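Enquirer: Residues per chain are reported as follows:
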Amino acid sequence: MAAARARVPRSAPAIEADGDLHARLSRAWGREGGVAGWFSDIDHKTSGVRFIVTAFGFFVAGGILAALMRLQLSRPENTLIGPDLYNQIFTMHGTTMMFLFAVPMMLGVGVYIVPLMVGARNIAFPRMVAFAYWVFLFGGLMLYTAFFFNAGPDAGWFSYTPLAGPEFTPGKRSDFWAQLITYTEVSALLVSIALITTIFKLRAPGMTINRMPHFVWAMLVTSFVVVFAMPAVMFASTSLITDRLVGTHFFNPAEGGDALLWQHLFWFFGHPEVYLIFLPALGMISMIIGTFSRRPVFGYPGLVIAQIATGFFSFGLWVHHMFATQLPEVGKAFFTAASLLIALPTALQIFCWIATLWTGRLNFKTPLLFVLAFFVILVIGGLTGIMLGSVALDLQIHDTYFVVAHLHYVLIGGAVFPLFGAFYYWFPKITGRMLSETLGRWNFWLFFVGFNVTFFPMHNLGLQGMPRRVYTYPADMGWNVLNAIASVGAAMIAVSMLLFVVNVAVSYRRGARAGANPWSASSLEWATPSPPPPYNFAAIPVLGGREPLWEEKGIAGRVEGLDVDTPMALVTTLVDAKPDHRSIQPTPTPWPFLSAVALTMFFVGSIFSPWAVVWLSIPVTIAVTIWFWPREQETQEHLALERRP
Amino acid sequence: MSRREADEVIDVSALPTYVYGHRGIIWWGTAGMIAIESTVFALAGFTYFYVRSRVDQWPPSADAPDLLWGTLALAIALLSLIPNQWTKKAAEEENRAKARLGLFICLGFAIGLLVVRVFEFSALNVRWDTNAYGSAVWMLLGLHTAHLLTDFYDSVVLTALTVTGPWEGKRFVDVSENAMYWYFVVIAWVPIYGMIYLAPRLL
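Quick note, the sequences are listed as chains F and R, same order. Start counting at 1 in the first sequence, then tack on 4, and there's your number in the working numbering. Start counting at 1 in the second sequence, then tack on 6, and there's your number in the working numbering.
Think of the hints as simulated: they come from the structure by calculation, not from any bench. This one's a predicted model, so the numbers in the text were calculated from it and none came from an experiment. Hints are supplied without guarantee of correctness; some may be wrong.
The calculated label-pair distances, taken between Cβ atoms and stated as ranges, are [to be verified]:
#	chain 1	residue 1	chain 2	residue 2	range
1	R	Asp135	F	Ala644	52 to 62 Å
2	R	Gly175	F	Val334	56 to 66 Å
3	R	Met39	F	Val383	36 to 46 Å
Each residue gets a CB set at the ideal place from its N, CA and C atoms; glycine is no exception.
All chains should be modelled from the sequences, with the hints used to inform the complete structure.
Expert: Right, here's the structure in full:
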């Protein structure tokens, strides 16, 4: 660390409040104690941590399901798990990892970090974000409740029709899947709006748009991708459930519908989905590489443009999931080209990062290890992606274990490794304690080796013809050894995850004190104590540079004139971040929680009766009305501070 | 405060506590919802034309929807933009009585539209479960009706608030944003009307 300071001009002292100011600001931005206070909390840090912890819980659940699958496949003709349960398990695994882990986890990190990074005291629309969290939690609990009652979905995580339609999947299994989708997408859409607004309007003065940290850019692009991609899957799942429950025919070829319509709608969402998991990870990587190379990341404009380009291109790739269908070949050729095109912005970013690492003075801590692993794993996943982008090859290995290997290399290498780097990087900020480096290295190496041992053999299994989603295989296919190896790798991953949980549990209580800026990093979240107080910053900082904590005048000053007894935010202009007006923010309330309860009743009820849509919309309406309706006392306080435009 | 003395201090105490339009936070929330819902409408339209591409005859085994009620809805919707803009301006002038009157007039138009909507559903000449064409048409009309209903209810609550209070300046922003959302509901109806009523006749 001392060496780091030699190069980095100074590590600015934390912006802290003295006793009286701290007490008043804490009252304005904090919440009441007790159970009611807990359910009323709308602090973005609370919502962010809740998203992260809950999504990690689902990650563990999805991981246990994966381990069960590897146990079943560890030897041929295994009878541990039957075909029906196996179908539910792989569907639950995919659904959990995509909808209940990856997206909410990335958005949750954004909810926690972005307001701190832009120098705001809370996220925009904090009640809506709290509501989004509860909706997400209840959706996940509903799905797992259904699973434990043997009503877990069993048509795969992309739930293709006609298999998932009323004819081939009677019962409620696919209905629970479709409603889960609606839950999680509502949640993600609301969070995205809050993030976009926070990034556009709540940046500290001086944080012009070309000074925004890379992670903020990443979350901005991600949020826009969510806004335009997620409606597709909500629309698709709604059409699926009306096909199943009230007899519409969207996906029924006998009545003029088309099963492929599902694939178009699903993958129009599904491919951007990959990128909205991947893009936040790119932002995390840029932050970690900058900090642990001890220099600003090379090529700021290039990286930003690459992220935006990736967001755009992600909408032009969906048909490459459908090469095995009867689409016009010319169309497929277009999507092959588009699929290869997206390698360009990704390569640009990787070159920028390599240049940064090359010219930096590396500090080999655990976060950096996870990022370096990203390079290895993502490049392999990218190469198999180029292979799959070719229609001719794709037809041969479609729906084989080659695809399973590819997608895990891309998603785990591209998102989960950087995410673990981010856990180690930001854990000190969130808890005030450092994670253990020793356990971190064990966690990392076991994960890295275990991952490759699990998934690399799957390439070969796929090339040898092993189809995905089979619950067992005959002994004489020649797949025994590679499957056994993959299962050993899965066990290594499980141990590494256990070490991570132990590390978190131990370090949370007994880890070394972190202080405000343990990594000597440059961005604003490190300018406030760890964990940050309820109001984030004692004074809104005024930025003088792109690396505020590294530059001599990086934090050029502070803002005065915001009331300290009410939650009053400073709203700035979109491009230049010039102070524009002050905005009194919402106060804690249990109604987002109660509205989410009402909405859960509505969604679950709609699975069982179309009339529930009518009757159960009443409690939802009542709840959101009370949520909106202003309180007399608060209005009086606002009037006392009011200044007309 | 442990800051250095030479720091620049920006005093914002003279800045307003609320503003209208895209400078404000609420506008971005409304705009975000509009972006999401426009995407949903676009996908419903895509579905309509996708289903159409699968059959030879359009509409398949049904008469095209009757023009009367849908066209009437279009007329009412477009006319409602006049009191809508009037209400928006009244809100931005911070005239509570005028804004309240405007909201009541807008509510009248919304009720008229909802009544006509009931007849529209009965004049589609196809049920949602007849065939995929019927499903697509009901989805388009149903989605738009959901927006009518939610914005109608939203306006009811706002109107009640203008009557009872508690009132403060930033509630005028809510009225102004509500008018913006109504613009979206009306403008969305134009292409949806075209798809439901004109596409079967002209295309």
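Enquirer: If a hint holds in the structure, say so; if it doesn't, say that too.
Expert: Hint check:
no., hint, result
1, R/Asp135 to F/Ala644: 52 to 62 Å, "holds (58 Å)"
2, R/Gly175 to F/Val334: 56 to 66 Å, "holds (58 Å)"
3, R/Met39 to F/Val383: 36 to 46 Å, "holds (40 Å)"
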